[in-house]
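Participant: Chain by chain, the residues:
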Amino acid sequence: MTEILLGSLVIMGLVVGLAMGLLAFRSRLLPSGDIGLDVNDRMHLRAKRGVRLLDVLHGFDIPIPAACGGKGTCGLCRVTVLGDGAGTPQATERGVLSPRERRAHVRLACQTTLSGDCAVWVPDGILSAGSGFACTVASARMLAPLIREIVLNMPDDRLSTFRAGDFMQITAPAYRLDFATLELPEPFREPWEIAGWSEMRVSSEAAVTRAYSLANRPEDAGTAVFNIRLAVPPPGRETEIPPGLVSSWLFTVNPGDSVTASGPFGDFHVRPGTREMIFVGGGVGMAPLRAMIHQELAGGTDRRIRYFYGARAAADLFYSEEFEALARQHKHFSWRPALSDPAPGDRWTGASGFIHEILQAEMTRHASPEECEYYLCGPPVMISAVLATLQRLGVEPDAIFYDDFGA
Amino acid sequence: MTDLWSLFLSAAFVDNMPLTLFLGLCTFLALSKRPESALGLGIAMTGVLGVTVPLNWLIYRGLLAPGAWTWAGMPELDLSYLSLIAFIGVIAATVQLLEMLLDRFFPAVHASFGVFLPLLTVQCAILAGSLFMVDRSYGFSESVVFGLGSGLGFAVAVVMLGAIRGRLAYADLPAGLRGLGIAFILTGLMSLGFASFAQMAMSQ
Chain P
1 MTEILLGSLV
11 IMGLVVGLAM
21 GLLAFRSRLL
31 PSGDIGLDVN
41 DRMHLRAKRG
51 VRLLDVLHGF
61 DIPIPAACGG
71 KGTCGLCRVT
81 VLGDGAGTPQ
91 ATERGVLSPR
101 ERRAHVRLAC
111 QTTLSGDCAV
121 WVPDGILSAG
131 SGFACTVASA
141 RMLAPLIREI
151 VLNMPDDRLS
161 TFRAGDFMQI
171 TAPAYRLDFA
181 TLELPEPFRE
191 PWEIAGWSEM
201 RVSSEAAVTR
211 AYSLANRPED
221 AGTAVFNIRL
231 AVPPPGRETE
241 IPPGLVSSWL
251 FTVNPGDSVT
261 ASGPFGDFHV
271 RPGTREMIFV
281 GGGVGMAPLR
291 AMIHQELAGG
301 TDRRIRYFYG
311 ARAAADLFYS
321 EEFEALARQH
331 KHFSWRPALS
341 DPAPGDRWTG
351 ASGFIHEILQ
361 AEMTRHASPE
371 ECEYYLCGPP
381 VMISAVLATL
391 QRLGVEPDAI
401 FYDDFGA
Chain Z
1 MTDLWSLFLS
11 AAFVDNMPLT
21 LFLGLCTFLA
31 LSKRPESALG
41 LGIAMTGVLG
51 VTVPLNWLIY
61 RGLLAPGAWT
71 WAGMPELDLS
81 YLSLIAFIGV
91 IAATVQLLEM
101 LLDRFFPAVH
111 ASFGVFLPLL
121 TVQCAILAGS
131 LFMVDRSYGF
141 SESVVFGLGS
151 GLGFAVAVVM
161 LGAIRGRLAY
171 ADLPAGLRGL
181 GIAFILTGLM
191 SLGFASFAQM
201 AMSQ
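Here the protein sequences line up with chains P and Z, keeping their order. Each residue of the first sequence is one higher than the last, beginning at 1 in my numbering. Each residue of the second sequence is one higher than the last, beginning at 1 in my numbering.
Hints listed in this document are in silico derivations from the structure and should not be mistaken for laboratory results. Quantities reported herein were computed from a predicted structural model and do not represent experimental measurements. No residue lacks a Cβ here, since even glycine has one placed at the ideal position from N, Cα and C. It is possible that some hints are incorrect.
[Unchecked claim] Pair by pair, the computed Cβ-Cβ distance ranges are:
#  : chain 1 : residue 1 : chain 2 : residue 2 : range
1  : P       : A367      : Z       : R167      : 48 to 56 Å
2  : Z       : A72       : P       : R26       : 45 to 53 Å
3  : Z       : L180      : P       : R49       : 32 to 40 Å
4  : P       : A399      : Z       : A171      : 26 to 34 Å
5  : P       : V16       : Z       : F140      : 20 to 28 Å
6  : Z       : A72       : P       : L45       : 54 to 62 Å
7  : P       : R26       : Z       : F140      : 24 to 32 Å
8  : Z       : A163      : P       : P272      : 50 to 58 Å
9  : P       : G196      : Z       : A171      : 38 to 46 Å
10 : P       : G353      : Z       : P118      : 49 to 57 Å
11 : Z       : F140      : P       : R49       : 38 to 46 Å
12 : P       : L9        : Z       : S137      : 40 to 48 Å
In isolation and in its complexed conformation, chain P is listed as follows (with noise of 0.2 Å):
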């Protein structure tokens, strides 16, 4: 008995007493001290020691890009960061950088975790954009099943053009939506019967932010266009993964609601020049290809343009009217849709296939293809399928610009 007793007791003896002595040490190794950060050498911030640089940032209503939340995919929070304070580069961030990056000390601040003093510089644009501003939504139409246009008021004291092929980002307030509530126009009320998206269910417990690309025409002066995307669960495990938590909130908002948002970014813009451009978009790819193409149009562009896009079925596919009179305005301006998997009832008799086939297919007619300029944007599939089409053609990768949703 006073075998187990002191056994047991000599054990948590030991235990308490190496715990104990664990954290002492850590008290006296760890610093527990704020740390110094200079941003653009005009903002000097302090923070706690041990926090990532994009919450240090974004708790400083500097509003960096984050479009995958801030697991280091997507690449849009690149920050150049000098200090020792900053550590090395993570092995997720060698994947996103370029060496030249690297040796400029650019750095993913999602990634970044601060242990002591550093300086910071982040694109200027951004340090003025300031922080999320609140906007009331003009206007809110289904376009496609799972796509829904939102044109959003921008307020006074903001730009109210912008260049194409920005994003904003827009961040959605915690919230509960039970998607049988959702009040679905006629046409798409069965895609979404049959698909089982009405039983889907979201809560979102805090604000999250995700970034969207802008749909403007140049007549769209004053307000943001915005095609959203519900992003869904893949088909079998709707009760698994929930559907986004931006786009399924975006969903719900109506005309006259307030919307916080922040920007414009972006670095996905139409080049200077004077070769041909190739545009290539899928699903809402649709949104900076639209407002590249309207806003080179309406500047009176004499480069040969020609957009590719595709959709599965005509029911996905949106603004085909809108472009179709373009076409017919502007000789040097083609449309070319393609659905991959016309239905039946479409009646369709445009391309049918794939986006790259369609693409290929017209290209190798081409008499130069390696002499044109290639703008895509669309689900991160896609863009590997055509960035394979295009190098069979022979076109160098510095002539291909891409926005594949930061995936």
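Assemble the complex: chain P is given as a structure, and chain Z must be docked to it using the hints.
Facilitator: Same frame as chain P, now just chain Z:
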């Protein structure tokens, strides 16, 4: 003094942990890809073994060994069945301490260890150091020398393997042997070499 010196030599070379006793091979192979990380592992092993073996000696002799409680009037009390759990606790705490020290003063070394530093907690060579110490009934000074010696032996072996593997980056190996395959062969050849130390010990 000469006894301690010969104990040190035999712990480092004759009874070399990875190459003669084949203990701690997982970290030995995993962290020997480059000489720098191998050196870091060697230093860490020497530090952990040098601290845990004497510390465990104190705990074993003072609390667990048969007869340790004679002063309290319980000469027949034997808590040595607790030695495994006590040793592992001490090793875990020491590794944690080492991790904090490295993080504070050598962040680059800390980053190169990655997950292998916490894994030292369950490194068989480290636990074996404490178990051999009990098994061979070393005294306190002997346990210090044994801990440091076997740690240093591990360091020498892993740095050597790291240096060879660094060189092999330029060798044209058959595809199937690249990486761990050639590392196993190298370990075998090196352990043959270390077997000659055992011959020297016997012929003395």
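Participant: Each hint: holds or not?
Facilitator: A quick look at each hint next to the structure:
no.	hint	verdict
1	A367/P - R167/Z: 48 to 56 Å	54 Å, holds
2	A72/Z - R26/P: 45 to 53 Å	34 Å, violated
3	L180/Z - R49/P: 32 to 40 Å	39 Å, holds
4	A399/P - A171/Z: 26 to 34 Å	41 Å, violated
5	V16/P - F140/Z: 20 to 28 Å	24 Å, holds
6	A72/Z - L45/P: 54 to 62 Å	59 Å, holds
7	R26/P - F140/Z: 24 to 32 Å	28 Å, holds
8	A163/Z - P272/P: 50 to 58 Å	55 Å, holds
9	G196/P - A171/Z: 38 to 46 Å	58 Å, violated
10	G353/P - P118/Z: 49 to 57 Å	53 Å, holds
11	F140/Z - R49/P: 38 to 46 Å	40 Å, holds
12	L9/P - S137/Z: 40 to 48 Å	26 Å, violated
When each numbered hint is compared with the structure, violations occur for hints 2, 4, 9 and 12.
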